[in-house]
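Number of protein chains: 2
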Amino acid sequence: MTPIEMALAHVDQNVKTSLKRLFEVLRIPSISTDPAFNADCQKAADWLVAELKGIGFDAKAHPTPGRPMIVAHYAPKESTTKTPHVLFYGHYDVQPVDPANLWSTAPFEPTLKTDKDGVERIFGRGAADDKGQLMTFVEAARALIATTGTLPIKATFLIEGEEESGSPSLIPFLKAHKKELACDVAFVCDTNMWDAKTPAITTRLRGMVKEEVTVTSPSIDLHSGLYGGAATNPIKVLAKMIAALHDKNGKVTIPGFYDGVSKLPKETQKQWAGLKFSEKKFLGAVGLKSAAGEKDHTMIEQIWARPTAEVNGMWGGYQGAGSKTVIPSKAHAKFTFRLVGKQNPNAILKAFQAFAKKQMPKDAVITFSGEGEGSPASEISENNTFIQTSASALKAEFKKEAVLIGSGGSIPIVRSFKDILGMDSVLVGFGLNDDAIHSPNEKYNVSSFHKGIRSWVRIMSALAEK
Amino acid sequence: MTPIEMALAHVDQNVKTSLKRLFEVLRIPSISTDPAFNADCQKAADWLVAELKGIGFDAKAHPTPGRPMIVAHYAPKESTTKTPHVLFYGHYDVQPVDPANLWSTAPFEPTLKTDKDGVERIFGRGAADDKGQLMTFVEAARALIATTGTLPIKATFLIEGEEESGSPSLIPFLKAHKKELACDVAFVCDTNMWDAKTPAITTRLRGMVKEEVTVTSPSIDLHSGLYGGAATNPIKVLAKMIAALHDKNGKVTIPGFYDGVSKLPKETQKQWAGLKFSEKKFLGAVGLKSAAGEKDHTMIEQIWARPTAEVNGMWGGYQGAGSKTVIPSKAHAKFTFRLVGKQNPNAILKAFQAFAKKQMPKDAVITFSGEGEGSPASEISENNTFIQTSASALKAEFKKEAVLIGSGGSIPIVRSFKDILGMDSVLVGFGLNDDAIHSPNEKYNVSSFHKGIRSWVRIMSALAEK
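Chains A and B are the protein sequences, given in the same order. Residue 435 in our numbering sits at position 435 of the first sequence, with consecutive numbering throughout. Residue 126 in our numbering sits at position 126 of the second sequence, with consecutive numbering throughout.
So here's chain A without its partners, still in its complex pose (with noise of 0.2 angstroms):
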């Protein structure tokens, strides 16, 4: 056998004790939003440490202003300057249970259920979102460990404490702490598989930037009687300008705005497409039917490689019960851009001010109250040599082709990996997409937890030999 399939047999031979010590650490309500949790979460975290240190990390559990955050070292016993650094990233705490009620188990009483399609399911808080997760490479460095005597490869674990609420201590901390955690690589495992079969990257993310406007009128509410016809209303000004930021194809129409936006590479295009992705099921699902976006493009691309205009707010004038006869002084509105490829999101702020200025008649004067900061996009090209083993090794392991997909959402933790460590991240994570995360029943499937560690055993291995 070789090294990697002593270290698989290793795993299926101990999946059961995988399984209890995970839910040991499922059974602490580890609720970082809530003050009231705070002793669960330092028990969570102390847990790990003390798992860790078992399997000969070294492992400490630092304070911060918030929950502490678990760094974890392993220096493999022979290494050359060309042994990988590789950070892995997961967290600890978990989101709140309610509805509580709607739980058919309780949430912190994990539960094993084999349901009506055989599928084994582990059931309670946290399974998913991302105590199974990041158990998945413990677990792997546990059996590499157990069966090889060392990590191939340098290890640092990251696991925080704070990230479903708002990972406040987060840059702080990585700045601080900048030597010690600045690796070839980061792997964060908080995403999902493609389907049960399929395994997925996660290679690009949108980047955002904000801005709220307010455009101001009259200088005081007026009667739409007495002025109505002859006053500027600052409701229709806005409309006006929102209905401006796209022309009939779907294009975005700030002068600018694809600055630093390429074509989708033919591969990826190909890749996509043969996803065979369900618009009707995804749109459906939520009440749509039709891609609303820039028609030469197909939905995926859309949401996963398109930058948008979105409004997120509008108000103005009256908005109780029954009617109000005016034309209001002011009307406003929230807007998000989110970004792809190179565009740069001071750019694309200063291109929407100017051209939302450009829109206003003379009697309207518009205002910009938005946070200003924005980040880019996180792009990891396709070629990318993490990437590329990383795909080999799920291939080897699910007997399918990884599929490298995008998400519309951003996750901050990339940026800063980025910006403040200078390492680009891997995303790579073994959750599905009827996991149930943030709500009631969250579970995950079994099959994801074991075929999960044995995708990082042969992930950890690929990076050695590279």
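Don't read these hints as lab results, they were simulated from the structure. Owing to the predicted nature of the structure, the values given are computational and were not obtained by experimental measurement. Keep in mind that a hint or two might mislead.
Identical copies carry no separate label here, and so any pair may be met within one copy or between two of them.
Said to hold, decoys possible - No more than 25 angstroms apart at the CA atoms, straight line, and that leaves these computed lysine-lysine pairs for BS3-like:
#1 K357 with K280
#2 K295 with K330
#3 K251 with K266
#4 K280 with K43
#5 K357 with K289
#6 K330 with K281
#7 K154 with K266
#8 K357 with K251
#9 K280 with K330
#10 K289 with K251
#11 K330 with K210
#12 K197 with K270
#13 K362 with K280
With chain A fixed as given, assemble chain B onto it according to the hints.
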């Protein structure tokens, strides 16, 4: 001396006594919106009934579910079938006084002051709106009866006590007293002069119809990262619909919207041009510079003689502090349409609904929840004999042509008189734009009061001579 000259001389000689009587009724805090002042409303009604009985009217304060309604009839000593029966309308209730601390004099202690400009003014709540105004026709009747022994016309005074609280009892009362109240014409004394030297008759009031819409796109609020680009955003949809309501020349684009809107008569156009209405002053006072309506109409036409499609409120998505990356399920807006000429409120509503529905893309549904009802414009021909007679009488008093003006707003009593009692209304009042009605330091110029009484003497006499 002619009978008119005798009556006018009597008015002049007794103006101090007339003022004294006005002050008596101004001292009664007859605020109709606040039940704490119910007894004061009754007191004001009783005071007026006693006064009217005193000069020979058959007067009564009718109880209603709200405040008492005064009806007083006068049958002239001599009358023929040609003697006109004329209704005079005013209201004895007043607005609340808050903010009380901004008053320079006690609101219910009427005070005569000669300001620095040499103009004598009556300060107090109700001085202009409407006790000062209604007392002009009461005192005119007194003078005519005192000097000639009778009124030259059949007169009915209708003085309500709920005008400042939405007149809930008015329509049922008009319906119940249809026979008693249906006259040849109504004079409503609750409007303004063009300026202190120029009398005015308001001949045009715009009608109105309201609507409220909700646009629903996704069935639930969505994450703008995960769905942004693909999901239809109801705020954008509604904004586009609002933007489409007007073309670049300010015309409303709803098909059929201008049906029933006729061109302003050349003569009226000429008269309004002669008013030298200061657009700069009117709009400048509220922070605006230029008329925003139909480009081929003057500002005065835009507010007095042209219909509007106005948005009075709009809301959707997140409106709190900071940002929320949401694509909301719903967006809402409230609309009012001001109507002129023969525009049919119901037809306008239906045309708008059809227009709005047509603007919806595949994944948006619009629903309507407006109050449905509306009222057409109230317009009285410039050639109407009562208008002509009143204009001549006012010219005789002021030595200046009375201007026939419009008002962008609606005066519900005018519609009710037309719809229930089948009579036109002639709107003649002596208020000025700076009277501060509904505000602290409400005032009525002594000249408004004095010349107001004299004007009614002339109008009542002229009506008899028709």
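Query raised in the report: Given a CA cutoff of 25 angstroms, do K330 and K210 count as a within-copy pair, a between-copy pair, both, or neither?
Result: Cα proximity of K330 and K210: in one copy and across copies (20 angstroms, 21 angstroms).
Query raised in the report: Between copies, within a copy, both or neither: which fits K197 and K270 at Cα up to 25 angstroms?
Result: within (20 angstroms within a copy, 82 angstroms between copies)
Query raised in the report: Between copies, within a copy, both or neither: which fits K154 and K266 at Cα up to 25 angstroms?
Result: neither (36 angstroms within a copy, 92 angstroms between copies)
Query raised in the report: Taking 25 angstroms as the upper bound on the Cα-Cα distance, should K330 and K281 be classified as within, between, both, or neither?
Result: Classified as between: cross-chain Cα gap 21 angstroms, same-chain 40 angstroms, threshold 25 angstroms.
Report task. Have a look at K280 and K330 and pick one of within, between, both or neither, based on CA distance no larger than 25 angstroms. Result -> For K280 and K330, the Cα distance is within 25 angstroms only across copies (21 angstroms; inside one copy 40 angstroms).
Requested in this report: Can you give me the call for K295 and K330, within, between, both or neither, at a CA distance of at most 25 angstroms?
Outcome: Between copies only: 24 angstroms across, 34 angstroms inside.
Query raised in the report: What label fits K280 with K43 when the C-alpha limit is 25 angstroms: within, between, both, or neither?
Result: neither (45 angstroms within a copy, 71 angstroms between copies)
Report task. With 25 angstroms as the alpha-carbon cut-off, assign the pair K289 and K251 to within, between, both or neither. Result -> Result: close within a single copy only, 20 angstroms intra versus 34 angstroms inter.
Query raised in the report: Is it within, between, both or neither when you check K357 against K280 at 25 angstroms Cα-Cα?
Result: For K357 and K280, the Cα distance is within 25 angstroms only across copies (24 angstroms; inside one copy 38 angstroms).
Query raised in the report: Given a CA cutoff of 25 angstroms, do K357 and K251 count as a within-copy pair, a between-copy pair, both, or neither?
Result: both (19 angstroms within a copy, 23 angstroms between copies)
Query raised in the report: 25 angstroms Cα cut-off: does K357 pair with K289 within a copy, between copies, both or neither?
Result: Only across copies: K357 and K289 sit 18 angstroms apart there, 34 angstroms inside one copy, limit 25 angstroms.
Query raised in the report: How would you classify K362 and K280 at a CA-CA limit of 25 angstroms: within, between, both, or neither?
Result: Answer is between: at 14 angstroms across copies they meet the 25 angstroms cutoff, but 45 angstroms inside does not.
Comparing the model with each numbered hint stated earlier shows that hints 4 and 7 do not hold.
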